[in-house]
Structures are given as structure tokens and as C-alpha cells.
Amino acid sequence: MTNASVATGREFRIGPVFGRAWSVYVANFLMFTVVALVISLPNLLSGEGQTPSGIFWNFAVFIFWMIANTVGLAVILYGAFQAMRGRAVVIGDAIRRGLSRFWPIVGLAILQWLGIAVGFLLLIVPGIMLAVRWSVALPACVVEGLGPTASMGRSAELTKGHRWKIFGVYLLIMIIAIIFLGIVGALVAGLFGSPFTAAALERGIGIGTLLWLIVTAIYTAYFNIFVVMMYNDLRVAKEGIDTDQIAAVFD
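Quick note: the sequence shown uses my numbering, first residue 87, plus one each step.
One or more of the hints may lead you astray.
Label pairs and their in silico Cβ distance ranges [to be verified]:
| hint | residue 1 | residue 2 | range |
| --- | --- | --- | --- |
| 1 | LEU127 | ARG173 | 23 to 33 Å |
| 2 | ILE141 | ILE327 | 15 to 25 Å |
| 3 | PRO138 | GLY254 | 44 to 54 Å |
| 4 | GLY231 | THR137 | 13 to 23 Å |
Everything labelled a hint here was simulated from the structure, so no lab data went into it. Here a beta-carbon is modelled for each residue, glycine too, at the ideal position from N, C-alpha and C.
Please build the complete structure, drawing on both the sequences and the hints.
Spelled out as C-alpha cells, the structure:
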């Protein structure tokens with residue numbers, strides 16, 4: 087266990103969030119990684135979508151992925167808050183918490199995807215702006231019990247005045263992930279002759295595919311813990327409360 091909470095009223099700073107998110111992740115590495123791995127597994131089931139049956143199958147896989155992703159992200163969120171408070175992360179409790187907010191999270195995910203997709207169609211920049219604006223909508227939905235549109239509005243309120251910082255750190259995380267994937271991919275290709283890309287999924291599970299899933303799971307778990315930390319610190323900075331007060335809804 088690790089206590090990664092912060093004192094009340096502190097200035098919101100992105101830098102410390104990196105280290106605290108990593109501490110929480112490492113302390114519960116197996117649980118968070120397994121949950122994130124389950125989120126990634128539906129990618130193995132996708133197939134050709136050029137026939138009616140293929141289109142139907144891919145749609146069914148998408149629905150399955152949405153369910154796994156929705157519950158999985160809520161589980162990671164709940165677990166991260168428990169770890170921040172120095173409490174044991176119990177997977178059963180985390181799953182129950184995730185399921186309790188299932189429909190609002192699904193609604194939120196759909197609205198975010200649609201909004202960001204339209205934004206990217208409008209010369210990309212509006213999509214990036216919306217993604218940053220709504221970056222802590224999921225924690226707001228789960229922790230504060232808000233509906234989809236209210237969660238998006240709450241995220242806009244919390245991120246206001248800090249969006250350039252958030253954009254910068256998202257860009258940095260993306261660059262680090264790309265570099266890491268490139269290095270591991272080159273090693274895998276050199277040692278096993280197995281491509282380290284999503285395209286490997288079409289040829290069944292090989293060493294490249296397995297490692298692709300693991301790295302994707304690690305990225306997914308860490309990124310979402312980072313988002314939880316960011317949500318926590320934004321509320322601490324703007325509202326002068328502490329982590330225990332924020333997470334009291336889980337008691």
C-alpha cells in the first residue's frame with residue numbers, strides 16, 4: 087500500500103503527479119495491469135468487416151469492448167483512490183463500484199467519443215481542445231455521481247486555467263509511449279522476427295502480439311491512474327479539500 091494523497095490548498099502542479107501515479111501503480115502493479123489487460127483483450131476478437139457477418143461480429147466485439155472498458159476504467163479509478171488513501175485495493179469491491187456507475191459511464195463515453203470525433207473532423211485542433219477539456223470527466227462521473235453531460239461540465243470547470251499544462255503532459259506521455267513501443271518493437275523483431283504491432287493480432291497470438299497487449303495494458307493502467315491523480319489534485323487546489331474528503335463517497 088502507498089499513501090499518495092496531497093495536502094489541501096496546494097497549487098496544481100503536473101510534475102509531482104507523474105511520480106505519485108507511478109508509486110500507486112507499482113504498489114498494485116499486478117491488479118491494475120490485469121484489469122487493463124482484460125480491457126485490451128477484445129482486440130484479439132476483431133476480424134474482417136467487409137461482409138455482413140463480419141460487420142455484425144465487429145459490432146458485437148465493439149459492444150463487448152465498451153462494457154469491459156467501462157467497468158475496467160472504473161475499477162482502476164476506484165483502486166487508485168483506495169491506494170492513495172493507504173488502503174488495500176480489493177478487486178471485488180472495485181468491480182462492484184464500477185458496475186454501480188455503469189450506465190452513466192457508458193453515456194459519458196459515447197458523448198465524449200462523438201464530441202471529440204467531430205472536433206477532429208474540424209481540422210483536429212477542436213478535438214484536442216475537447217479531449218483536454220473533458221480529461222477528468224470520468225473521475226467526476228464516478229466520484230461525484232454526476233450524469234454524462236454534468237461530468238463533462240465539471241471537467242471543464244476543473245481544468246479551466248490549467249489546460250495548457252494538461253495538453254503538454256498528454257503530449258509528453260504519448261511521445262514516451264511511442265518511443266518505448268518503438269524500442270521494444272525493434273528488439274522483438276530482431277530477436278523473434280515477430281512484428282510488434284496491432285496488425286499482428288490478425289495472425290493469432292505470437293510473441294509480438296503478447297508483448298503488444300502487455301505494453302498496451304501497462305500504458306492504459308498508468309494513464310488512467312495519472313488521470314485520477316490529476317482530478318484529485320485539481321480539486322485539492324481549487325476547493326481546498328483533501329484526498330480523504332474526495333474519496334469519502336466510497337466509504
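Here is how each hint holds up against the structure:
1. LEU127 with ARG173: 23 to 33 Å: Hint holds: Cβ distance 28 Å, inside 23 to 33 Å.
2. ILE141 with ILE327: 15 to 25 Å: With a Cβ separation near 48 Å, ILE141 and ILE327 fall outside 15 to 25 Å, so the hint is violated.
3. PRO138 with GLY254: 44 to 54 Å: With a Cβ separation near 45 Å, PRO138 and GLY254 satisfy 44 to 54 Å, so the hint holds.
4. GLY231 with THR137: 13 to 23 Å: The hinted range 13 to 23 Å is violated for GLY231 and THR137, with Cβ atoms some 43 Å apart.
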